[in-house]
Amino acid sequence: MRFRLNRPARPTFAPTPPPAPEGSPPTPTGTAREPQPQQQPETAAAPLSDHEIALIRASVSVVEPLAADMTVYFYAILFARYPEVRPMFPPGMDTQRGRLLRALLRIVDLVDDPGHLVRFCEHLGRDHRKFGTLAAHFPAVGECLLASLARYAGPAWTEDIAAAWTKAYGVVAQVMIGAAEEDERVRPAVWPATVVHRVSRGHGIAEITVRPHLPYEYSAGQYVSLETPWFPKQWRYYSAANAPRADGTLTFHVRAVADGAVSGALVHRAVVGDVLRLGAPMGDMVLDTAVHSDLLCVAGGTGLAPIRALIEDVAQRGGHHQVDLFLGARTGAELYGVNDMLRMAQRHHWLTIRGAVSDEHIPGIRGSLPEVLAEYGPWHQHDVFLSGPAAMVVSAGERLTLGGTLPEHIHHDPFETPVLSTP
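Numbering (our numbering), first residue to last: 1 to 423.
The hints are simulated quantities; they were obtained by calculation from the structure and are not laboratory data. Since we're looking at a predicted model, the values are computed, not measured. Even glycine gets a Cβ: it sits at the ideal position worked out from N, Cα and C. Watch out, some of these pointers could steer you wrong.
As the list claims (entries may be wrong) - Listed next, the in silico DMTMM-like pairs over lysine to aspartate or glutamate satisfying Cα-Cα at most 20 Å (straight line):
(1) Lys233 <-> Glu84
(2) Lys233 <-> Asp259
(3) Lys233 <-> Asp274
Claimed, not checked - Restraint-style ranges between C-beta atoms, simulated for each label pair:
(4) Glu64 <-> His213: 35 to 45 Å
(5) Asp340 <-> Glu360: 18 to 28 Å
(6) Gly273 <-> Asp294: 38 to 48 Å
(7) Val291 <-> Gly332: 26 to 36 Å
(8) Ala390 <-> Gly132: 21 to 31 Å
(9) Arg201 <-> Arg347: 13 to 23 Å
(10) Val394 <-> Gly318: 30 to 40 Å
(11) Pro378 <-> Val338: 23 to 33 Å
(12) Gly318 <-> Asp340: 15 to 25 Å
(13) Leu214 <-> Gly132: 14 to 24 Å
(14) Gly115 <-> His197: 38 to 48 Å
Throw the hints in and build the complete structure from the sequences for me.
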């Protein structure tokens with residue numbers, strides 16, 4: 001059943017507003033506090049101009065110090081004006097607000113990079129199908145987003161800034177809607193999956209293997225959103241720890257984190273026979289992105305999961321890549337999965353493994369992963385795949401770039417997660 005979101009008492013936000021003619025003079029400034037209604041055109045919006053991009057980024061710099069309050073206000077007016085959408089969200093909204101902000105900032109960061117912006121929004125559009133998102137919801141979200149920006153930008157909010165945001169949101173909405181509609185034609189929004197195996201790995205980590213009830217196609221290195229029966233509408237993202245198998249099963253490495261409802265339930269509550277739900281696979285950290293035959297794989301903690309899947313993928317393809325794998329942890333006891341990877345190295349001559357610890361004096365390599373990579377480099381003739389804590393990934397990427405590795409050869413998935421997800 002579609003929600004009736006176009007209410008005559010309040011102007012609606014057109015998902016794809018008409019672009020201004022090229023070279024037209026800027027709209028006179030003013031203090032528009034609410035988005036103005038616009039007509040829906042039949043064609044796609046034109047790319048944003050440099051002037052529009054500058055206006056958007058300038059307005060973000062104004063509201064960013066008040067971002068936490070702005071997201072609270074956004075959801076308050078969204079639920080007040082359109083109470084029909086409230087059931088789509090989890091009861092607790094604290095994490096939700098933070099993820100909305102990160103997604104918004106990610107879009108603003110990519111606004112002058114159309115290729116990556118489209119790819120990011122396509123991922124969002126496909127992933128939002130699992131929440132029951134419809135094309136009819138986008139005008140409501142756009143209306144409330146602009147109202148929130150206008151309120152917290154204060155006197156800095158002008159009619160030309162409102163027009164730039166209207167156009168930008170129209171582009172985002174159009175891409176998300178198109179990706180969702182195309183995805184709907186070829187696969188379901190969610191896949192029920194039964195837990196068929198579970199083993200504890202210590203330190204709050206469990207390996208959970210599920211068998212989807214329907215065929216589930218994905219690529220090694222991608223990540224998947226999981227929903228448990230105990231916390232409906234709360235989704236958490238985990239990378240599959242295996243390349244696609246003949247039996248269709250997927251294994252996830254899950255670490256229980258403080259206040260993590262989904263991770264805690266998966267580690268401490270899930271048993272064989274429980275039925276979880278999977279969202280569509282996401283992510284571009286796949287082997288097909290590699291240019292070089294030599295690969296550097298770097299994993300911190302349970303970031304080993306997608307790296308292990310990639311190495312399995314190399315093996316399935318015949319071992320035509322030389323792979324150097326670095327595993328990192330604070331202590332030797334936390335050096336997760338090293339024994340399994342050593343056994344894999346014994347079977348495959350093209351795989352070399354090194355483990356490093358940063359906070360314990362034990363035989364072997366000592367130091368953080370970025371430090372160790374700098375010591376063992378250079379890696380400028382390698383494609384690099386990074387997975388683990390965000391701080392490690394960022395620091396390792398910076399060290400590798402300084403060492404001569406081209407940024408386009410450093411692969412990792414973005415830290416931003418889709419707008420409606422929760423931990």
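Results for each hint:
1. Lys233 <-> Glu84: holds, 15 Å
2. Lys233 <-> Asp259: holds, 16 Å
3. Lys233 <-> Asp274: Holds, at about 17 Å.
4. Glu64 <-> His213: 35 to 45 Å: holds, 44 Å
5. Asp340 <-> Glu360: 18 to 28 Å: holds, 21 Å
6. Gly273 <-> Asp294: 38 to 48 Å: holds, 44 Å
7. Val291 <-> Gly332: 26 to 36 Å: holds, 35 Å
8. Ala390 <-> Gly132: 21 to 31 Å: This hint holds: roughly 30 Å between Cβ atoms.
9. Arg201 <-> Arg347: 13 to 23 Å: At 21 Å between Cβs, range holds.
10. Val394 <-> Gly318: 30 to 40 Å: holds, 33 Å
11. Pro378 <-> Val338: 23 to 33 Å: 25 Å Cβ-Cβ, so the 23 to 33 Å window holds.
12. Gly318 <-> Asp340: 15 to 25 Å: holds, 21 Å
13. Leu214 <-> Gly132: 14 to 24 Å: With Cβ atoms ~18 Å apart, the hint holds.
14. Gly115 <-> His197: 38 to 48 Å: Holds: the Cβ-Cβ distance is about 40 Å, inside 38 to 48 Å.
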